[in-house]
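Take 17 as the starting number for the sequence shown in our numbering and just add one per residue.
None of these hints come from the bench; they were simulated from the model. Some clues are possibly wrong.
[What the hints assert, rightly or not] DSS-like, lysine-lysine: derived pairs with alpha carbons at most 25 Å apart:
(1) K65 with K42
(2) K133 with K152
(3) K58 with K42
(4) K56 with K42
(5) K61 with K44
(6) K125 with K95
(7) K95 with K152
(8) K133 with K42
(9) K49 with K95
(10) K44 with K125
(11) K125 with K56
(12) K95 with K61
(13) K65 with K133
(14) K58 with K95
(15) K58 with K44
(16) K44 with K65
(17) K44 with K95
(18) K61 with K133
(19) K133 with K44
(20) K125 with K49
(21) K125 with K58
(22) K152 with K42
(23) K125 with K152
(24) K61 with K42
(25) K49 with K65
(26) K133 with K95
(27) K44 with K56
(28) K65 with K95
(29) K42 with K95
(30) K125 with K61
[Claimed, not checked] Simulated restraints, written as ranges between beta carbons of each label pair:
(31) G52 with S122: 29 to 37 Å
(32) E21 with G124: 32 to 40 Å
(33) G144 with E27: 17 to 25 Å
(34) N69 with K42: 15 to 23 Å
Just so it is clear, the structure is predicted and the values come from calculations on it, not from any experiment. By construction, the Cβ of each residue, glycine as well, lies at the ideal position given by its N, Cα and C atoms.
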Amino acid sequence: MAVVEELLRAEEGGAISFGNHRLAQKAKLEDFKHNGDLLKVKTYKTMTKLERNGEFVYESVPGTSVTDFRETEDGISFKVEGDEDAQLIVGLQDETEYEVFINDESIGKMSTNVGGKLNLSVELAGAGEVSVRVVK
């Protein structure tokens with residue numbers, strides 16, 4: 017299982033891993049320095065949330081564990097795991113169209129709202145680790 021015991025960690029190549037969907041009690045880590053930014057994560061079995069410099073980046077309900085999270089100017093990619101199917105919200109560019117891939121299969125194009133948030137559902141129950149890629 018891909019839980020992140022330290023709640024948030026830097027990976028080789030600039031990626032990060034965060035979240036622990038197995039925690040019964042809410043845990044958080046603030047002021048984690050990564051690539052000149054300050055990251056904050058809150059996580060437990062019912063919710064995982066990541067912020068960068070006080071700005072929204074990622075949220076899941078219920079909680080998830082995220083590995084190899086990478087951001088580029090064209091989008092994001094990561095692997096996600098959880099005990100139940102999850103609703104994910106990711107922060108991207110405002111009012112922009114993206115193509116979403118789950119396990120390298122396109123599920124179609126979606127647009128962010130005025131705040132740059134994109135909502136998607138991911139089937140995680142019994143699936144193990146699922147890869148998500150969102151590209152402009």
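Cross-check of the supplied hints:
1. Pair hint K65 plus K42 holds up; C-alpha atoms about 11 Å apart against a cutoff of 25 Å.
2. Between K133 and K152, the direct Cα distance comes to roughly 14 Å. Compliance with the 25 Å bound is thereby established for this hinted pair.
3. Between the alpha carbons of K58 and K42 the distance comes to roughly 7 Å, so the proposed pair stays at or under 25 Å and holds.
4. Of the supplied pair hints, the one linking K56 and K42 holds, its CA atoms being roughly 13 Å apart against a limit of 25 Å.
5. Restraint check for K61 and K44: the C-alpha separation of about 13 Å stays at or below 25 Å, so the hint holds.
6. The straight-line distance between the Cα atoms of K125 and K95 is roughly 19 Å, inside the 25 Å bound, and the hint therefore holds.
7. Restraint check for K95 and K152: the C-alpha separation of about 18 Å stays at or below 25 Å, so the hint holds.
8. The suggested pairing of K133 with K42 holds, with an alpha-carbon distance near 24 Å, which does not exceed 25 Å.
9. Taking the CA atoms of K49 and K95, the gap is near 22 Å; set against the 25 Å cutoff, the hint holds.
10. The hinted pair formed by K44 and K125 fails the criterion: a straight-line CA distance of about 33 Å is larger than 25 Å.
11. For the hint linking K125 to K56, the alpha-carbon distance of about 29 Å lies beyond 25 Å, and the restraint is violated.
12. A hinted pair counts as satisfied when its Cα atoms are at most 25 Å apart, and K95 with K61 qualifies at roughly 17 Å.
13. Our distance criterion of 25 Å between C-alpha atoms is met by K65 and K133, whose separation comes to about 13 Å.
14. Distance restraint check for K58 and K95: the Cα-Cα separation of roughly 18 Å lies within the 25 Å cut-off, and the hinted pair is therefore satisfied.
15. For a cut-off of 25 Å, the pair hint linking K58 to K44 stands: about 4 Å separates their Cα positions.
16. For the suggested pair K44 and K65, the alpha carbons sit about 9 Å apart, so the restraint of at most 25 Å is met.
17. This hinted pair checks out: K44 and K95 have alpha carbons roughly 20 Å apart, not beyond 25 Å.
18. The suggested pairing of K61 with K133 holds, with an alpha-carbon distance near 22 Å, which does not exceed 25 Å.
19. For the hint linking K133 to K44, the alpha-carbon distance of about 22 Å falls within 25 Å, and the restraint holds.
20. Of the supplied pair hints, the one linking K125 and K49 is violated, its CA atoms being roughly 33 Å apart against a limit of 25 Å.
21. Note on K125 and K58: the hinted pairing is violated, with a Cα-Cα distance of about 29 Å set against a maximum of 25 Å.
22. Between K152 and K42 the alpha-carbon distance is near 34 Å, which puts this suggested pair outside the 25 Å criterion.
23. For the proposed pair K125 and K152, the alpha carbon gap of about 9 Å is at most 25 Å, so the pair holds.
24. Of the pairs offered as hints, the one joining K61 and K42 holds, with about 8 Å between alpha carbons and a cut-off of 25 Å not exceeded.
25. In summary, the hint linking K49 to K65 is supported, as the alpha carbons are separated by about 17 Å, within the 25 Å threshold.
26. Among the hinted pairs, K133 with K95 is consistent with the structure: their alpha-carbon atoms are about 19 Å apart, no more than 25 Å.
27. A hinted pair counts as satisfied when its Cα atoms are at most 25 Å apart, and K44 with K56 qualifies at roughly 7 Å.
28. A C-alpha spacing of about 15 Å is found between K65 and K95, which places the hinted pair at or below 25 Å, so the restraint holds.
29. Distance check on the hinted pair: K42 and K95 sit about 22 Å apart at the alpha-carbon level, within 25 Å; holds.
30. Note on K125 and K61: the hinted pairing is violated, with a Cα-Cα distance of about 29 Å set against a maximum of 25 Å.
31. Taken as a hint, the range 29 to 37 Å holds for the pair G52 and S122, whose Cβ atoms sit roughly 33 Å apart.
32. At about 35 Å, the beta-carbon gap between E21 and G124 stays in the expected band of 32 to 40 Å.
33. Restraint check, G144 to E27: a C-beta distance of roughly 19 Å satisfies the suggested window 17 to 25 Å.
34. In this structure, N69 and K42 meet the distance hint of 15 to 23 Å, their C-beta atoms being roughly 22 Å apart.
The earlier numbered hints that this structure contradicts are 10, 11, 20, 21, 22, 30.
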